[in-house]
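K.L.:
Fit chain F to the given chain A structure using the hints.
Line order of the protein sequences matches chains A and F. Numbering-wise (our numbering), the first sequence opens with residue 1 and increments by one. Numbering-wise (our numbering), the second sequence opens with residue 1001 and increments by one.
Simulated from the structure, these hints should not be mistaken for laboratory data.
Pair ranges (Cβ atoms, derived):
hint	chain 1	residue 1	chain 2	residue 2	range
1	F	Ala1257	A	Gln84	39 to 45 angstroms
2	A	Ala127	F	Arg1101	56 to 62 angstroms
3	A	Arg258	F	Ser1301	34 to 40 angstroms
All figures in this text were calculated on a predicted structure; none of them were measured in a lab. Glycine is no exception: its CB is placed at the ideal position from the N, C-alpha and C atoms.
Number of protein chains: 2
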Amino acid sequence: MATADRRVAILGLGLIGGSLLRCLAAGGATVIGYDADPASIEAARAAGCDATGDPAELRAPDVVVIATPLPAVAAMLDLTAAIQPAPIVTDVVSVKAPVARLASDRAPRLRYVGGHPMAGTEHSGFAAAQPGLFAGAPWVLCLDEDTEIDAWLTVAAMATAADARVVPATSDRHDAAVATISHVPHLLAAALSTSAAADPLALALAAGSFRDATRVMQTRPDLVAAMCAGNTAAVRAALGDVVRRLDELDASLPNAARLEATFARAHAVRTAWPASERTASSHLEVTGPTLRSDLIALGESGGWVESVDSVSLTVVSTA
Amino acid sequence: MATADRRVAILGLGLIGGSLLRCLAAGGATVIGYDADPASIEAARAAGCDATGDPAELRAPDVVVIATPLPAVAAMLDLTAAIQPAPIVTDVVSVKAPVARLASDRAPRLRYVGGHPMAGTEHSGFAAAQPGLFAGAPWVLCLDEDTEIDAWLTVAAMATAADARVVPATSDRHDAAVATISHVPHLLAAALSTSAAADPLALALAAGSFRDATRVMQTRPDLVAAMCAGNTAAVRAALGDVVRRLDELDASLPNAARLEATFARAHAVRTAWPASERTASSHLEVTGPTLRSDLIALGESGGWVESVDSVSLTVVSTA
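Isolated chain A (complex conformation) (with noise of 0.2 angstroms):
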């Protein structure tokens, strides 16, 4: 189980990839990049890491990476199907229903694991890779009812490897956290910059409650639009929720006690997060019959996989 016996092909070697490659290689496992574009290569290499622009030097790996965006995903699929023998294969795009169904149409052979390490940062490319930037990270596995639980194992020893926090999750419960903390905070943002741009008076008072409320909207259009509209059902389903309370908020107005005793939920909420600070730690065995249970309770629970070995996962619960 220790991914120092596993040899492990990233394909893509932008932020995400090459932080991998970085980690895994200064970690002591057998680990290779692959890109198209030479310049990713040579910087790879330039890191001291294995890196290819060769699909066929790729050796054999037992874990694939695909850690590309979603539309360079198909192909890397198909790339990752010619290998013999069928490796397990995972990637790191930010929806995951979609993509574990391409796996399942693509390349139905391989042991597909679907993940998404939550590091992103607003740089891009190998250039801004650094070996630490998953740690203390939640980096999400999904356990789906079809999901073989070895090949969940073994991705998970990598990304506990990389000392990432592995948060185990259907794909449709990831997709719907995401859209609660990730997307539907993009949609609040446009629309409270729409809103306050039609007043300049507004725009001219504004400070850092605007700001912060904001922010997100300085990233890409097309790459949110496409975060959104790729996950569409949980979207909406979030987007209703926190709509649903924005209108009892405005049935609570101009109560200041009944608008208190919501803040104050939020408050508390607010200030007990990140949970870091009380969490209780235990074990789980790999053999154990209730494992993907336990795993699925865990994740709902809100803790992680700290660490796997070929005989226990080590788990962090929340307080």
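P.N.:
Chain F alone, transformed into the frame defined by chain A:
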């Protein structure tokens, strides 16, 4: 018109009042601070400022600045109404229409100019006061139908002497603008925080988007509730506009091109904000027959007053 000619009394020596006292004193103005709390008086004196706990020692100020929270404004208006001759009075409360009504009901003899410096921090009290707090910050001064223009110009000269950007607006327009850029962001943050709290998995995955979108929920809930409840009509209108835009975004899903058009508008707004780099300076005569409407038009277009002397105002328009 120059502030050095006017005697200023500041009632309340917290962050805003204390900073203004220090700033005007450093500029050579005749200024005295009043506070009921002996510790605040002591701190002000230790900072080299004139301060008292006895209203009789306020020595016939030309301008009184009520720098207390809303609940204490009525008592400060009563205290000010006893001063002979009747001074100009301004305040620093974050909603303006309710304070204007209070001043009109309680102290009709005073020449009232509603004010709101947009210069708060998360700290409070004289210990946090700093003379440079207002440098470059918007400071709304209300110009309603019954506001005396001479009184307005006198307060504007004082605020620009503190290096603030004086933004002219009616009380109603001020309240609408701050509803959009301050109060609604708090409601969005509350709705998002409580929605995410219903899903521990979502909270465990939350990162930068969630952090910034909910930052204002770290503020004391009672203060946020009082702020929103005190501006109910304007908050309802502003929230209605934002929710309408959220409905439009929802209807645009899953059409990435339609979504991108909205995100592109929001991106343009956010990256062009704040406007400091795209400005042009000009002058308005203090005796101009259209001064009042010129000032209102300036504020509506996102501009501000940079300085005031006995002949003219230097104003800045955004490009």
